[in-house]
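Engineer: Please model the complete structure; the sequences and the hints are all you need to start from.
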Amino acid sequence: MTTLAEFAGTVGHALEMRGITKVYKVADEEVVALDHVDLTVASDEIVALVGPSGSGKTTLCSIAGGVLSPTDGSVVVAGREISGYSGRQLTDFRRESVGFVFQTVNLIPFLTARENLLVVDEIGRRLGRVARDRADQLLAELGLADRAANLPAQLSGGQKQRVAIGRALMNDPSLVLFDEPTSALDSSLGDQVVRLIREEMKARGTAAIIVTHDDRITHYADRTVHIEDGRIAE
Amino acid sequence: MRLALREMRRRPGRFAIATVILTLIAILLMFLGGLLDGLVASSTGAFRAQRADLMVYSGNSRNSLERSRIEPDVRHQVESVPGVTRVGGLGSVQLGGRVPGRGARDLVPTVLFGYELAPRGLPSTPPGAGTVYADDSLRAKNVVVGTTIHLGPARSAVTVVGFVSDTRYSGQGTLWGSLETWRQVLNANRPDARVGPGVVQVLVVQRAPLGGAGLAGRIDRATDGATTTLTITEAVNALPGVSQQRTVFNQIIGVTVVIAIVVVALFFALLTVERTALYGVLKAIGASSRTLFVGVVLQAVVVALIASLIGIVASLVLDALIPAGTIPFVATPARLLSSAVVLVVAAVVGCTFSLRRVLRVDPAAAIGGTP
Numbered sequence: 001m002t003t004l005a006e007f008a009g010t011v012g013h014a015l016e017m018r019g020i021t022k023v024y025k026v027a028d029e030e031v032v033a034l035d036h037v038d039l040t041v042a043s044d045e046i047v048a049l050v051g052p053s054g055s056g057k058t059t060l061c062s063i064a065g066g067v068l069s070p071t072d073g074s075v076v077v078a079g080r081e082i083s084g085y086s087g088r089q090l091t092d093f094r095r096e097s098v099g100f101v102f103q104t105v106n107l108i109p110f111l112t113a114r115e116n117l118l119v120v121d122e123i124g125r126r127l128g129r130v131a132r133d134r135a136d137q138l139l140a141e142l143g144l145a146d147r148a149a150n151l152p153a154q155l156s157g158g159q160k161q162r163v164a165i166g167r168a169l170m171n172d173p174s175l176v177l178f179d180e181p182t183s184a185l186d187s188s189l190g191d192q193v194v195r196l197i198r199e200e201m202k203a204r205g206t207a208a209i210i211v212t213h214d215d216r217i218t219h220y221a222d223r224t225v226h227i228e229d230g231r232i233a234e
Numbered sequence: 001m002r003l004a005l006r007e008m009r010r011r012p013g014r015f016a017i018a019t020v021i022l023t024l025i026a027i028l029l030m031f032l033g034g035l036l037d038g039l040v041a042s043s044t045g046a047f048r049a050q051r052a053d054l055m056v057y058s059g060n061s062r063n064s065l066e067r068s069r070i071e072p073d074v075r076h077q078v079e080s081v082p083g084v085t086r087v088g089g090l091g092s093v094q095l096g097g098r099v100p101g102r103g104a105r106d107l108v109p110t111v112l113f114g115y116e117l118a119p120r121g122l123p124s125t126p127p128g129a130g131t132v133y134a135d136d137s138l139r140a141k142n143v144v145v146g147t148t149i150h151l152g153p154a155r156s157a158v159t160v161v162g163f164v165s166d167t168r169y170s171g172q173g174t175l176w177g178s179l180e181t182w183r184q185v186l187n188a189n190r191p192d193a194r195v196g197p198g199v200v201q202v203l204v205v206q207r208a209p210l211g212g213a214g215l216a217g218r219i220d221r222a223t224d225g226a227t228t229t230l231t232i233t234e235a236v237n238a239l240p241g242v243s244q245q246r247t248v249f250n251q252i253i254g255v256t257v258v259i260a261i262v263v264v265a266l267f268f269a270l271l272t273v274e275r276t277a278l279y280g281v282l283k284a285i286g287a288s289s290r291t292l293f294v295g296v297v298l299q300a301v302v303v304a305l306i307a308s309l310i311g312i313v314a315s316l317v318l319d320a321l322i323p324a325g326t327i328p329f330v331a332t333p334a335r336l337l338s339s340a341v342v343l344v345v346a347a348v349v350g351c352t353f354s355l356r357r358v359l360r361v362d363p364a365a366a367i368g369g370t371p
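Order-wise, the sequence lines are chains L and S.
For the first sequence, the working numbering gives the first residue as 1, with consecutive numbering after it.
For the second sequence, the working numbering gives the first residue as 1, with consecutive numbering after it.
Accuracy of the hints is not assured; some may be wrong.
Unchecked claim - Covered, in the sense of this in silico footprint (three residues per stretch, anywhere, with C-beta under 8 Å from a C-beta of chain S), are these stretches of chain L: (1) 117-127; (2) 190-199.
Said to hold, decoys possible - Here are the in silico distance ranges between beta carbons for each label pair: (3) L:Arg195 / S:Glu274: 28 to 38 Å; (4) L:Pro109 / S:Val294: 56 to 66 Å; (5) S:Ile259 / L:Asp186: 48 to 58 Å.
No wet-lab data here; the hints were simulated from the structure.
For clarity, every value in this text was computed on a predicted model and none was experimentally measured.
Every residue gets a Cβ at the ideal spot worked out from N, C-alpha and C, and that includes glycine.
Structural biologist: This is the structure we're talking about:
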């Protein structure tokens, strides 16, 4: 339960992580993926999370998005303390409060661009017409209005990534997590996509964490956070 | 759920193998069931047609129609039991019949029944001496109204005056006449089994609406054990081979259902493994395991329904194409629908084996969040 003082402290923050530790058990060994990490992201801030492979950036992102639970520490997203949530509560939280854009795009191959956006509604509150209107609006804003009826196989890499961004925005999230969104794109296309991410996030006042290896992305972020061996080094 | 249905519509090829295998299983289930129904129907029609509640056999007959003999004095004892409203005699004799238009040695196996209480589809007054009603199945043997059939070695002539349906006995077409006609034909062709006036093989008994409880026992006590009284259902089950046929076919049907469960379980387990990444993404964006599993079950049910529908159509076509009197196959709505229900249940049971896999899909794996 979040106290009034805690709540007051989180107002204006999309994400507040305090003392996050994540330990995996691999065979008989314990692997510390995150070691007492603190991270705060303002409500319209774009943070680039940079670090080498295995540094813990994806784990951090997963905990922020309610996909993983921390071994220790507190996670508050848009005023909701989620670190003690059950599996079912985390599922509801992910559906309602965060957006994900995955490294490998991961659109559903047998659904059109528009239907890929509407999946979020189908597995959630089922708003019907409201959701359909929102999907059409997002596709138009992302320059995909004429591609709404295309299957992912009929879209270019950049278009697919834009559809994935649209899907992440369907539930009007407080926080969108991008996991290496440009890794499958060439440099100019990657640049376009990151610029689009910035425009969309800023236009909506939505916070974003972009996990990346790519230093060029950091130019579009408000802040760059470096992580190494499970520790933040801003 | 719409997601699961869209996948089936957009990627029908993915479900083709399972649909084809389940369709073959559906056809097999319905064919086996139809054969069982056909065999049982062709063995028991004469008994099922009785508009009575009980059948009274002689006590030493071991519930065999052929061995049973009821004498007139026993009949009087049965008629006097409280709760008995109507009693009729029934007799039968199995003989080869010579039908005009067929070869002299091409005998049609028949069973001539003599009756008093009219079975379903027959007039309440039995036809006159030397005339009979014939079972529908004998039409396939060139029998028509007016045909005179010569029965047995004595070539006893009986003339067909009409038809009645679903009254076969022991897989043979039946002829229905008066007890007098039956006695004449029996005594002429089976000297070893001759019966005197008033003697019948069994009695069929109608009971009073409120006086039926324990009537069979009361009849047997009234005759001092000279009779064994069975309900019509018990009499049907006591017919030679009926319960054995049911047992054997039901066991084969049971094995077929188990195979259907295994096919569905394997197919959807493979499909679930293929979809692990997709399920990971869907879980990451907020789909519950329940939503995903309901989708799997829905797909299995749709595959089973399509297979059942094709099976039903195939069974009906088969039923129409099989010439009468060859294979004892009957496609009844009850059998077809029950087979479809069994197949759908098997599909649901089969895909529950995928439940654990769906539950174990980790959304963190979709974004590489686990080591």
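Engineer: Each hint should be assessed against the structure and marked as holding or not.
Structural biologist: Comparing the hints with the structure gives:
A stretch counts as covered by a chain when three or more of its residues have a beta carbon under 8 Å from one of that chain; for the region 117-127 of chain L and chain S the count is 5, and the coverage holds. For the region 190-199 of chain L, the stated coverage by chain S is not satisfied: 0 residues place a CB nearer than 8 Å to a CB of that chain, which falls below the threshold of 3. In this structure the hint that L:Arg195 and S:Glu274 lie 28 to 38 Å apart at CB holds, the actual value being about 36 Å. Against the hinted window of 56 to 66 Å, the Cβ-Cβ separation of L:Pro109 and S:Val294 comes to about 21 Å, which falls outside the hint.
Between S:Ile259 and L:Asp186 the Cβ separation comes to about 52 Å, which falls inside the hinted range of 48 to 58 Å.
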